[in-house]
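Colleague: This is what each chain is made of:
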Amino acid sequence: MADGNSIGYGETALVSTPRPRVGSMRRFARRRSLFAILLCSPLIALVVGLQFYPAGYAFYLSMLNRKMTGFVLFDNFTFLMGQDSFQLVVFQSCLFAVSAVVFKALLGFILAHLMHNIRGQNQRIWRGLLLIPWVIPLALSTLTWWWLFDPAYSALNWTLKWFGLPSIPFLGTVWNARISVIVVNVWFGAPFFMIMYLAALKSVPEQLYEAAAIDGAGAVQRLFFITLPMMRNIILITVLYSLIVTFADFDIVRILTNGGPQDGTHLFATYAFQVGIQSGNIPRGAAVSLFMFPILAALAFFVLRDVIKRNKEITA
Amino acid sequence: MAQVSIRKVVKAYEGNVQAVKGIDLEIADEEFVVLVGPSGCGKSTTLRMIAGLEEITSGDIAIGGEVVNDVPPRDRDIAMVFQNYALYPHMSVFDNMAFGLKLRKFPKEEIKKRVDDAAKMLDIAMLLDRKPKALSGGQRQRVAMGRAIVRNPKVFLFDEPLSNLDAKLRVQMRTEIKKVHQLVPTTTVYVTHDQIEAMTLADRVVVMNHGIIEQVGAPQELYHNPATRFVAGFIGSPAMNFLTVKLVSDNGLYVELADGTRLAVNPARIDRYKPHAGKTMTLGLRPEHLTETHTNEKPGTAYLDATVDVTEPMGMETMVHFFIKGEPVCARVDPLTVAIPGQILRLAADMSNMHLIDNDTNKVV
Ligand SMILES: Nc1ncnc2c1ncn2[C@@H]1O[C@H](COP(=O)(O)OP(=O)(O)OP(=O)(O)O)[C@@H](O)[C@H]1O
Ligand SMILES: [Mg+2]
Chain A
1 MADGNSIGYG ETALVSTPRP RVGSMRRFAR RRSLFAILLC SPLIALVVGL QFYPAGYAFY
61 LSMLNRKMTG FVLFDNFTFL MGQDSFQLVV FQSCLFAVSA VVFKALLGFI LAHLMHNIRG
121 QNQRIWRGLL LIPWVIPLAL STLTWWWLFD PAYSALNWTL KWFGLPSIPF LGTVWNARIS
181 VIVVNVWFGA PFFMIMYLAA LKSVPEQLYE AAAIDGAGAV QRLFFITLPM MRNIILITVL
241 YSLIVTFADF DIVRILTNGG PQDGTHLFAT YAFQVGIQSG NIPRGAAVSL FMFPILAALA
301 FFVLRDVIKR NKEITA
Chain B
1001 MAQVSIRKVV KAYEGNVQAV KGIDLEIADE EFVVLVGPSG CGKSTTLRMI AGLEEITSGD
1061 IAIGGEVVND VPPRDRDIAM VFQNYALYPH MSVFDNMAFG LKLRKFPKEE IKKRVDDAAK
1121 MLDIAMLLDR KPKALSGGQR QRVAMGRAIV RNPKVFLFDE PLSNLDAKLR VQMRTEIKKV
1181 HQLVPTTTVY VTHDQIEAMT LADRVVVMNH GIIEQVGAPQ ELYHNPATRF VAGFIGSPAM
1241 NFLTVKLVSD NGLYVELADG TRLAVNPARI DRYKPHAGKT MTLGLRPEHL TETHTNEKPG
1301 TAYLDATVDV TEPMGMETMV HFFIKGEPVC ARVDPLTVAI PGQILRLAAD MSNMHLIDND
1361 TNKVV
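Quick note, the sequences are listed as chains A and B, same order. Per this note's numbering: the first sequence ends with 316, consecutive numbering throughout. Per this note's numbering: the second sequence ends with 1365, consecutive numbering throughout.
Hints are computed from structural coordinates only; laboratory data are not their basis. There's no promise every hint is true.
SDA-like, lysine to any residue: derived pairs with alpha carbons at most 25 Å apart [stated by the list, open to error]:
| no. | chain 1 | residue 1 | chain 2 | residue 2 |
| --- | --- | --- | --- | --- |
| 1 | B | 1133 | A | 232 |
| 2 | B | 1179 | B | 1216 |
| 3 | B | 1133 | A | 304 |
| 4 | B | 1274 | B | 1296 |
Kindly generate the complete structure, drawing on both the sequences and the hints.
Modeller: Quick look at the structure:
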């Protein structure tokens, strides 16, 4: 009875709602979206002014001839592709970015696990200490590394000598220099992964591990069947993000090796700087810097689509 | 064969918080035992020690005759159902249920058969491809149970498995759990703070309080013969009335209420209570033993007059609340009884079902 009554009231309420109210609601909604756009306008201005405009301008530049007097369309890109020294840059950039990201992720993952197992107040202290590489301005810390790598006076080689070992020309040979550059990037970037993975680890419910332990999973199986699947999204996003940032890295190579020895460590950014600014061929420099854009954009698209789909599936 | 023996088990957390203070319990093979008690009494801790998720500070736990103190959870051959289900969110229902079997390297066909059988029994066969997110609370609960059943373990452990469900579903799932236990008789330890769940499910109920066991017994046993004040007050809903009384020996034995009313003690119990004559004690009387008066009362009935404070008509019965010298009392009367707030109602107390509690020891005498 009571239910029947309440339904009755509901119906009359619906029927008696005057039409103009719907109209005013709609107008309100429309006004509200206008208001929202207004509130967002500073952000929109920032994004357009600092991102779309420079990107578009770089793209425009990359299609000009050397004197910037006429359009050559994709000639700069085709020229670069045929050039041996640029192919080397592509190889070096990929080697640098991929291996640095893999090691950063691995190291960050291991550090996050170590952190996670430190209980109580101590964890915060360690976390703070390990974040230091990430908060020091990269140019400064790279200078310190440069001193460390110095063949004659560095602490590293001094230590080696003290143990009676031959000193190593860290930045002197091509492969040594490539590895050194990657090491510095890993040193700088690992704390970011650690902090992200630590947060992800904390968000995995303890009970899943307990359920898995009862189901018969050992430590390794828990890692592969619980931890990694639960952290999948955050791993994908951090790797993608870091890949983009690492592909664009400039400071470390610029300070440590300046692309040498024998152009053996140039990355897109440093090579673009050399070609565009130092040699004065701005359009070709722009083409260098834009080279990875389509690949990274496609990668980002697929990774993010997968992440969103997965997110919808599992988050309760 | 999987009896569970808990011997002198103590659990102390950091900072010397004793959550469990030395309990002894023998659980027979295929028995359904329910641990019940108020929040924080150590039920979960006890269960988790049986599961191996929590270390034992001292004492022994044996499963199937083998002491398992240092055996990791995965080698104890137990299955546990958690309060918030703890389903693996990235796995389908099938994979959730099959996980334990896969880890134990069962052949594929065997896994499929077991999961299908369990799914049929629990009525979730059509959900096997879904992810837990796409399930309702009740369905998740069934999957969690399915995950436990397929393993065919020695012992089932349940930690408040129904407390996240709404009232109606809870009653339904309660029946389901009982049914499963009848179909697959397995030693079961079930934790709840809901005494009705405990009463309906258990072969034996273990009442815990402050880390100790107050009483162990069949549900009816606990209801009719509680051993302590705590058990008397905890089991039964609405709770037992407690009244401060004086036991007077004066031409027979009486309990004298605070307002001077004297209720005669059932002659059959006089010898039992006699030694306590003269003491101030607590009278325990369940609401259903305090009813409207009838023309032909059972022997052992005593009468008292109550000034009605509040009435609660429940349909089948009416609860009448009143006070005796500041102590709240609840009576359960026939719905046709005229009980008007502010007026006096004569009630019949069934003294053959009274309990007398020693105020010094808090034990029922
Ligand atoms: N990790 C811990 N560290 C310290 N004390 C704990 C810890 N876990 C539980 N306790 C304490 O142990 C006591 C018993 O906890 P337990 O979880 O067994 O209670 P419970 O009977 O299951 O209660 P509930 O019905 O609320 O789940 C509580 O007083 C609790 O505060
Ligand atoms: Mg609990």
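Colleague: Does the alpha-carbon distance linking residue 1179 of chain B and residue 1216 of chain B stay inside the 25 Å limit?
Modeller: 23 Å, holds
Colleague: Could you grab the alpha-carbon distance between residue 1274 of chain B and residue 1296 of chain B and see if it respects the 25 Å cut-off?
Modeller: At roughly 28 Å apart (the allowed maximum being 25 Å), residue 1296 of chain B and residue 1274 of chain B break the hint.
Colleague: Holds or violated: are the alpha carbons of residue 1133 of chain B and residue 304 of chain A at most 25 Å from each other?
Modeller: Measuring from Cα to Cα gives roughly 21 Å; hence the hint holds.
Colleague: Hey, residue 1133 of chain B versus residue 232 of chain A, does the alpha-carbon distance stay inside 25 Å?
Modeller: Distance of about 17 Å is within 25 Å: holds.
Checked against the numbered hints given earlier, this structure breaks only hint 4.
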